[in-house]
Amino acid sequence: MSRLEWRVATVVGVRDETPRTRSLVLNVPGWAGHRAGQHVDVRLVAEDGYEAQRSYSIASAPENESVELTVERLDDGEVSSYLCDVLGPGDGLELRGPIGGYFVWDISSDGPLLLVGGGSGIVPLMSMLRHRARSDAAVRSRVPTVLLYSARTAEELIYKEELEKLANGNDSLMVCITLTRDAPAEWRGLRGRVDRAMLEMVSATVSGRPNVFVCGPTPFTEAVATLLVELGHEPSRIRTERFGPTG
Amino acid sequence: MSDTPFIARGFHRRRPEASANRLPPGQYETRDFPVLSAGPTPRTPLSQWDFTINDPTGRSIRWSWDELMALPHESPTVDIHCVTKWSKFGTRWEGISLDTMIAAARDASLAIPSYVLAFSDGDYSTNLPAADITGGKAWIAFGYDGAPLAPEHGGPARLLVPHLYFWKSAKWVRGLRFIDRDVPGFWEQLGYHNRGDPWKEQRYQGDP
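Those protein sequence lines, which keep their order, are chains A and B.
For the first sequence, my numbering begins at 1 and goes up steadily by one.
For the second sequence, my numbering begins at 1 and goes up steadily by one.
Since the hints were derived computationally from the structure, they do not count as laboratory data.
Don't be surprised by glycine CBs; every beta carbon is placed ideally from N, CA and C.
Mixed in with the good hints, there may be bad ones.
What the hints assert, rightly or not - So the derived label-pair ranges between C-beta atoms look like this: (1) A:Gly232 x B:Thr57: 38 to 48 Å; (2) A:Asp182 x B:Asp145: 48 to 58 Å; (3) B:Ser64 x A:Val8: 53 to 63 Å; (4) A:Asp85 x B:Pro72: 51 to 61 Å.
Stated by the list, open to error - In silico contact screen, one side only, chain A against chain B (beta carbon under 10 Å); selected entries: (5) Asp41; (6) Glu47; (7) Arg73; (8) Gly77; (9) Val79; (10) Gly92; (11) Glu94; (12) Pro98; (13) Val214; (14) Leu228; (15) Arg239; (16) Phe243.
One chain only, chain A, in its complex shape (with noise of 0.2 Å):
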């Protein structure tokens, strides 16, 4: 297999989704498409040589013709307050990918689809709402997906209108949030952490044997993937994403 080679994309715009995460459009020369929850790896190198490495998920469906990157901004990250920060519409951005080939969907797999999220961990499972979106309404019917999606509170809820449009126009698709924090008195959502009862409620929505993709800080991805394996899913159709803090 050849080489994946740096690319300089080029930033051809920002968009604040919340005020901790910022999505990069980015125009990358040559760029091959990707599947559905691959990630790139970007490279900022400093004019004294330093250099810094970090993997951002695909937001983007991978029918769209920009690459789109949300990253979330960590206090003492010295890349992602430069993604979040510096960068801007114009700029080069050198990067690689797509890679992973195991926590990746498309809409020809086999079975429903279940979601499980937890703060800019939606972020891979956008690109799969993304695409499945793009596809024929009658394709799509055949796939009942859900999406549990947690986050802290509502102002950090990631892609919150795109997801309510996906799930009004989509009787296939039901988008279940829920906030661990603070939710308004009008918040007509789930409240607290993802937990058995909320797993059990999702699952029931989409009964055979769903693809599942659980994507969330690491406790996160853990707790719910053991509640998961309890509730009767089959661990090899589990495919987790975990992580800890990247910087």
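Go by the hints and put chain B onto chain A.
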């Protein structure tokens, strides 16, 4: 790597300088111990746990948990490097040298050819040249930082091959299959490098 690096406008080092010779290219130091696994954490009770070495002729040798614990222990302190870019310095492990296990396998008349496939609970596998797990470079580890190795970090036992990227240090390891010809393991079939030397930055297929 291109010859002239692309300079990121306005990017500067914010992290303290890591001990210069300790950090492989493209890595950063972390004090945490991140967890990365492809699926749920398997949980095999110790009473049902065993460790097997197979050779290409069909011979095998097997240890129960108690038999494994009776072998001489070592306490390596090593730097570890994950392909996802973090490195962690001075990690303290307790385990058994694979030299000890392989010597026992030789004593039991097993053939030890040039390649090995380590296999784990959860259908994980990773391939290694035998030369990378012999000569005091690799262990079966069951203790970390003075405590039993936690399940999410690969407990009850994982491989520890610290001179290669950490995916080669298979979690939940249950055995070694010696083979005459190299075959790719789990991540090696999915685009990751066959050997994974962090000092040569062998992250993905096609890297030097």
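Here's how the hints hold up against the structure:
1. A:Gly232 x B:Thr57: 38 to 48 Å: Holds, at about 41 Å.
2. A:Asp182 x B:Asp145: 48 to 58 Å: For Asp182 (chain A) and Asp145 (chain B) the Cβ distance comes to about 36 Å; the hint is violated.
3. B:Ser64 x A:Val8: 53 to 63 Å: Taking Cβ atoms as reference, Ser64 (chain B) and Val8 (chain A) lie about 56 Å apart, which means the hint holds.
4. A:Asp85 x B:Pro72: 51 to 61 Å: holds, 53 Å
5. Asp41: Cβ of Asp41 (chain A) sits 8 Å from chain B, so the hint holds.
6. Glu47: Status holds, d = 6 Å.
7. Arg73: violated, 13 Å
8. Gly77: holds, 8 Å
9. Val79: holds, 9 Å
10. Gly92: holds, 6 Å
11. Glu94: With a closest approach of 5 Å, the Glu94 (chain A) hint holds.
12. Pro98: holds, 9 Å
13. Val214: holds, 9 Å
14. Leu228: holds, 7 Å
15. Arg239: At 6 Å from the nearest chain B Cβ, Arg239 (chain A) passes the 10 Å test, so the hint holds.
16. Phe243: holds, 7 Å
When each numbered hint is compared with the structure, violations occur for hints 2 and 7.
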